[in-house]
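**Q** One-letter residues, chain by chain:
There are 2 protein chains.
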Amino acid sequence: MAKNYFNKRNVDFLLYEVHEAETLTQHARYADHNKETFDMTIDAATQIADNLMFPFVKDVDKNQPELKDGKVTVHPAIKDYLKALGESGLIGADFDYENGGAQMPVTVTSILGYILMSANNGMMFTGLTAGAARLIASFGSQELKDTYIPNMISGKWQGTMCLTEPQAGSSLSDITSTAEPLEDGTYKIRGQKVFISAGDHDATDNVIHLFIGRIKGAPLGTKGISLFVIPKYRIDGTDNDVTSMGIYHKLGQKGVPAMHLGFGDKNDDCIGYLVGEPNKGLNYMFQMMNEARIGVGITGASIASAAYYAALEYAKERPQSRRLNQKHALDAPQIQIIQHPDVKRMLLFQKAVVEGSLSLLLETSKYFDLSEASDDPEEKEKAHLMLELLTPIAKTFPCEYGMKAISDAVQCFGGYGFTEDFPVEQYYRDIRITPIYEGTTGIQSQDLLGRKVPMAGGKATMLLAQEVGKTVMAALQYDELKRYALSLKEEGERLQKVTMHLLGIAGTGDVERFLSDATLYMEMFSLNVVAWQWLKQAVVAKQKLIVSSDNADDVEFYESKIHTMKYFFHYEIPKTQGLATRLMDEEVLTIMTEKEVVM
Amino acid sequence: MAKNYFNKRNVDFLLYEVHEAETLTQHARYADHNKETFDMTIDAATQIADNLMFPFVKDVDKNQPELKDGKVTVHPAIKDYLKALGESGLIGADFDYENGGAQMPVTVTSILGYILMSANNGMMFTGLTAGAARLIASFGSQELKDTYIPNMISGKWQGTMCLTEPQAGSSLSDITSTAEPLEDGTYKIRGQKVFISAGDHDATDNVIHLFIGRIKGAPLGTKGISLFVIPKYRIDGTDNDVTSMGIYHKLGQKGVPAMHLGFGDKNDDCIGYLVGEPNKGLNYMFQMMNEARIGVGITGASIASAAYYAALEYAKERPQSRRLNQKHALDAPQIQIIQHPDVKRMLLFQKAVVEGSLSLLLETSKYFDLSEASDDPEEKEKAHLMLELLTPIAKTFPCEYGMKAISDAVQCFGGYGFTEDFPVEQYYRDIRITPIYEGTTGIQSQDLLGRKVPMAGGKATMLLAQEVGKTVMAALQYDELKRYALSLKEEGERLQKVTMHLLGIAGTGDVERFLSDATLYMEMFSLNVVAWQWLKQAVVAKQKLIVSSDNADDVEFYESKIHTMKYFFHYEIPKTQGLATRLMDEEVLTIMTEKEVVM
Chain S
0 MAKNYFNKRN VDFLLYEVHE AETLTQHARY ADHNKETFDM TIDAATQIAD
50 NLMFPFVKDV DKNQPELKDG KVTVHPAIKD YLKALGESGL IGADFDYENG
100 GAQMPVTVTS ILGYILMSAN NGMMFTGLTA GAARLIASFG SQELKDTYIP
150 NMISGKWQGT MCLTEPQAGS SLSDITSTAE PLEDGTYKIR GQKVFISAGD
200 HDATDNVIHL FIGRIKGAPL GTKGISLFVI PKYRIDGTDN DVTSMGIYHK
250 LGQKGVPAMH LGFGDKNDDC IGYLVGEPNK GLNYMFQMMN EARIGVGITG
300 ASIASAAYYA ALEYAKERPQ SRRLNQKHAL DAPQIQIIQH PDVKRMLLFQ
350 KAVVEGSLSL LLETSKYFDL SEASDDPEEK EKAHLMLELL TPIAKTFPCE
400 YGMKAISDAV QCFGGYGFTE DFPVEQYYRD IRITPIYEGT TGIQSQDLLG
450 RKVPMAGGKA TMLLAQEVGK TVMAALQYDE LKRYALSLKE EGERLQKVTM
500 HLLGIAGTGD VERFLSDATL YMEMFSLNVV AWQWLKQAVV AKQKLIVSSD
550 NADDVEFYES KIHTMKYFFH YEIPKTQGLA TRLMDEEVLT IMTEKEVVM
Chain X
0 MAKNYFNKRN VDFLLYEVHE AETLTQHARY ADHNKETFDM TIDAATQIAD
50 NLMFPFVKDV DKNQPELKDG KVTVHPAIKD YLKALGESGL IGADFDYENG
100 GAQMPVTVTS ILGYILMSAN NGMMFTGLTA GAARLIASFG SQELKDTYIP
150 NMISGKWQGT MCLTEPQAGS SLSDITSTAE PLEDGTYKIR GQKVFISAGD
200 HDATDNVIHL FIGRIKGAPL GTKGISLFVI PKYRIDGTDN DVTSMGIYHK
250 LGQKGVPAMH LGFGDKNDDC IGYLVGEPNK GLNYMFQMMN EARIGVGITG
300 ASIASAAYYA ALEYAKERPQ SRRLNQKHAL DAPQIQIIQH PDVKRMLLFQ
350 KAVVEGSLSL LLETSKYFDL SEASDDPEEK EKAHLMLELL TPIAKTFPCE
400 YGMKAISDAV QCFGGYGFTE DFPVEQYYRD IRITPIYEGT TGIQSQDLLG
450 RKVPMAGGKA TMLLAQEVGK TVMAALQYDE LKRYALSLKE EGERLQKVTM
500 HLLGIAGTGD VERFLSDATL YMEMFSLNVV AWQWLKQAVV AKQKLIVSSD
550 NADDVEFYES KIHTMKYFFH YEIPKTQGLA TRLMDEEVLT IMTEKEVVM
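Residue numbers (numbering that gives the first Met the number 0), protein chains in the order written: chain S, 0 to 598; chain X, 0 to 598.
Hints listed in this document are in silico derivations from the structure and should not be mistaken for laboratory results. Please note that the accuracy of each hint is not assured.
[Unchecked claim] For each label pair, taking beta carbons as the anchor points, the in silico distance ranges come out as:
hint	chain 1	residue 1	chain 2	residue 2	range
1	S	I334	X	A30	48 to 54 Å
2	X	A455	S	P54	54 to 60 Å
3	S	A30	X	M591	48 to 54 Å
4	S	K326	X	K61	41 to 47 Å
[Claimed, not checked] Taking lysine-lysine pairs in the BS3-like style, the calculated list, with each CA pair at most 30 Å apart, reads:
hint	chain 1	residue 1	chain 2	residue 2
5	X	K496	X	K61
6	X	K61	S	K574
7	S	K61	X	K574
8	X	K496	S	K253
9	X	K315	X	K57
10	S	K381	S	K253
11	X	K253	S	K61
12	X	K70	X	K326
13	X	K253	X	K2
14	S	K253	X	K215
15	X	K67	S	K481
16	X	K61	X	K2
17	S	K481	X	K215
18	S	K574	X	K253
19	S	K57	X	K315
20	S	K57	S	K155
21	S	K403	X	K215
22	X	K215	S	K326
23	X	K496	S	K215
Note that CB positions come from ideal geometry on N, CA and C, so glycine has one too.
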């Protein structure tokens, strides 16, 4: 079993040295906080992760929840960790004081999520609860808040998000669940939802569903969707007619039950409580989507992190063969496989993906915090635009590249990686859902190119270019970084050219063609943004090396950061060439024509 | 459950129209064969695949073999299919008549393997048996042949390859199993082997291990390795002291038991029979390696094939959302997801990988046949060089790109792809071992760049360039193909430039640096070779369209071939740009230096 799943030194570097989380405490919302409160919270999460989560990685995977006689039983360890997280105030740490939170910046709670999820992503119950409670906190009546939030963020009640329906999938405009107004202001709910994570289980006393449906007579499409709170048990303890109709057996993340739920299916007696105004449900959902998507990005980065540290540990210990220049020295001892260039390359890739993703997630989280907490309207607007632009990337890159990174982790283990004797085969399975749920990569990519890039007249991309420009300027100060600064600048120009080309197509009104290769555009854009994060890290490492050159551990740490930045520019960035070629290419091959190509 | 796992029309196209398998029957070895005997054999395999294999895909995965009281029990369906394949003469169909085979060309038996493996890759027992029996047929004494081959190719006895040891992994020079000569000419064997596929089970009466070890006093390294036959039960029925010490629980291919075996572990009474001469064992193995590696390539292509047809079927049936240009037509019916460009792109990728891989595998198999059967020494030498050059690619591309293709198949299914309700999650697991066993991708890549490209003064690459040139010339005849012909020519030049650059490094004697990015070189080389295979298919499709323009099914089929060729050139080939950039790049980042970068 691997011993590590994250690196505390790296967390400190990213949180404090690169993204300067302490500066957030200048804002009134976070004024009670300082590095000590952040560290205490991180330590509390680490304790729980080390003691109550990481030891159960395999066990939770092996004993997946089952549905029997209408009841879902999950691994008993889940109850313990929910209790511990709730008691430590970690589930709603970033909630407002008035809702029982600690007003912790999301920049810090993203790190909590990273630590917990890399310890055991099969125990991802609390993120779901927090997301659901946050919807109530943001848009619910005081009564709904008082009734539900305290029991949710204390870990006593589970929260869920009930969006997907069997016939609609990602197409939320096609959902058909109905809500019929009752005289007392509540609604009678009928419908079915699928893939509801943590949709039912026995580790909490109640399950609170945040549910979208149509009030009878509502307009077609997304403008007729309303949001409801639907508890499994009503407050008086009576059953609210939410039925567990099925449980999915899945490739990974087996600890978390994914449910097929029926509402009003048994006795036509399922009551829902409207959140906010009618027909605004999807609007509310969208306002919560950035956090949910950042959360999935963190999941991807976390699973890849656990796999990377397992592979790194193995590669440092496992002897095999000799250096390629010394193949024939048969009596020489075998070397550790990390010394083989091909293995080293795969480890550098994993490190580049994990640490680059985490840096991007913190960058995005910090814009989230500033968009919430800044008093300066200009800074607030900028933060909001950057958050909107970066969110689909922060959701997608850690998951898509995380999958590749974990595949390389498996490869580092050779045949052993394919066996259950080592943990990576599980991580390989677990991460596969992340580019699907909370908006597939295809949907994130359409969001990036179709909405985020053009929004506000392209202002967000301009702001991003300015930020990248600052990092380029800083990097140009150091001889060793100069070529990478220039490379990043050049990559920005290449991306700009592709963007202009695509917006030209959008200008013709052919949306389908404009967006047809959005997924490739996403990859190109992501590589740019992550290269920026790596150069940013390298600049800080350079600065620190000047002052910390007497601490051998620090020197090693910072030099490794610069080395990994170089890896990213020399091995990953060249991929943008081919992507740009395709994206500028006029040949249309994937759009349905009158004369359809049969496959 | 999916209904299809391969496409017969495509098999006919590749086998007869593109690779002209019938021309092989001009050679004496295959003189008894013709299209009818090929078709009959393919039909026989299809019957078995349809009736005895495909129906058990999930069941074999769910009921993986267990080791209890020293015995391994496999799924009962395995015994039935072994019997059926053995009785139909399909296990050793390509063996010489004198060894009980039908002297079927490997070009045809590769198709048999493809059909069987895409039906159910968890039943891959016979390929292992054939490989082991082939070693005996090629290098064993008449007595060994008579004793073992008939029972093996009739499916009564299982064959295995026992190479890997726990302390050595891929480094065969470090194996330590020993063989002590006994007075009767046999050897007393001691040692342990790991990851032995089909290493023990109850679906056959005996298990025949082809085993490498060192005769006492043999030289160090690979030059001291000898090959032995070690039966589980001796011919007189007594136990030969081969112990099942452990069974691996694996990510995929769960139907096939992977064993940890002890030889002479119980009573120091394990007898081995030397194959051929002492110390030539690895040599013998190497001479069989091309077939084994082609076999793994077929496995990769087969699993990807099964996943592709499942995804294609789903994408044609599943309605979701509307066309991007008609997003707001809310009362319009939903469209089938194959009509979404992003889904179509993923399906084209899968098709391009599956059919491109299969074409490459047939090309390689045909060179195998010609290297065996040609009477013309020049043709024979050419075939041998082409076989040597293409084999590492034919092993690697179908597995590496097959993994990506299956990941896209999962994505086409959305959330359902992650569940056990559909077959793709299993294929996603099953294929993950293929870039590891029978020589990892790293090792194949070093073989390609380090041995195959420079061999015979670069003659093989020259021959390949000639063959590609022929396809380019043929394609230039058609207006629609012209730009792709020119593109392939240009890609060949790009590859040539990179190769020269790398050989320049080899010339300095720095082998480690020469080979440090061999895996990237493999990807670039593979993309070239598969683009060639696609252009070759497109040329044939063009030719056929001229004569078959009145058959609507044929027209659709051939046009889809040309369309997929275009996909490959427009979406996959641009990747070579970034690969070339990296491969020409002087910056060394993965080679151990005195001042090691700590990770």
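**Q** A separate judgement is required for each hint: does it hold in the structure or not?
**A** So, going through the hints one by one against the coordinates:
Between I334 (chain S) and A30 (chain X) the beta carbons are some 53 Å apart, a value that agrees with the proposed interval 48 to 54 Å. One distance hint, 54 to 60 Å for the beta-carbon pair A455 (chain X) and P54 (chain S), holds here, with the actual separation near 57 Å. Judged by the Cβ atoms, the range 48 to 54 Å given for A30 (chain S) and M591 (chain X) holds: they are separated by roughly 50 Å. Distance hint check: the CB atoms of K326 (chain S) and K61 (chain X) are about 44 Å apart, consistent with the given range 41 to 47 Å.
A C-alpha spacing of about 50 Å is found between K496 (chain X) and K61 (chain X), which places the hinted pair above 30 Å, so the restraint is violated. Of the supplied pair hints, the one linking K61 (chain X) and K574 (chain S) is violated, its CA atoms being roughly 39 Å apart against a limit of 30 Å. Between the alpha carbons of K61 (chain S) and K574 (chain X) the distance comes to roughly 39 Å, so the proposed pair goes past 30 Å and is violated. Only pairs whose Cα atoms come within 30 Å are accepted, and K496 (chain X) paired with K253 (chain S) is rejected, the gap being roughly 49 Å.
This hinted pair checks out: K315 (chain X) and K57 (chain X) have alpha carbons roughly 23 Å apart, not beyond 30 Å. For the suggested pair K381 (chain S) and K253 (chain S), the alpha carbons sit about 40 Å apart, so the restraint of at most 30 Å is broken. As the CA atoms of K253 (chain X) and K61 (chain S) are separated by approximately 16 Å, the hinted pair is consistent with the 30 Å bound. As the CA atoms of K70 (chain X) and K326 (chain X) are separated by approximately 60 Å, the hinted pair breaks the 30 Å bound.
Taking the CA atoms of K253 (chain X) and K2 (chain X), the gap is about 22 Å. The hint holds against a cut of 30 Å. For the given pair, K253 (chain S) sits about 50 Å from K215 (chain X) by alpha-carbon distance, which is inconsistent with the 30 Å threshold. Using a Cα cut-off of 30 Å, the hinted pair K67 (chain X) and K481 (chain S) is violated, with the two alpha carbons roughly 63 Å apart. This hinted pair checks out: K61 (chain X) and K2 (chain X) have alpha carbons roughly 20 Å apart, not beyond 30 Å.
Taking the CA atoms of K481 (chain S) and K215 (chain X), the gap is about 59 Å. The hint is violated against a cut of 30 Å. A hinted pair counts as satisfied when its Cα atoms are at most 30 Å apart, and K574 (chain S) with K253 (chain X) does not qualify at roughly 36 Å. Pair hint K57 (chain S) plus K315 (chain X) does not hold up; C-alpha atoms about 38 Å apart against a cutoff of 30 Å. For the hint pairing K57 (chain S) with K155 (chain S), the CA-to-CA distance comes to about 25 Å; that is within 30 Å, so the pair holds.
The hinted pair formed by K403 (chain S) and K215 (chain X) fails the criterion: a straight-line CA distance of about 45 Å is larger than 30 Å. Taking the CA atoms of K215 (chain X) and K326 (chain S), the gap is about 23 Å. The hint holds against a cut of 30 Å. Only pairs whose Cα atoms come within 30 Å are accepted, and K496 (chain X) paired with K215 (chain S) is rejected, the gap being roughly 68 Å.
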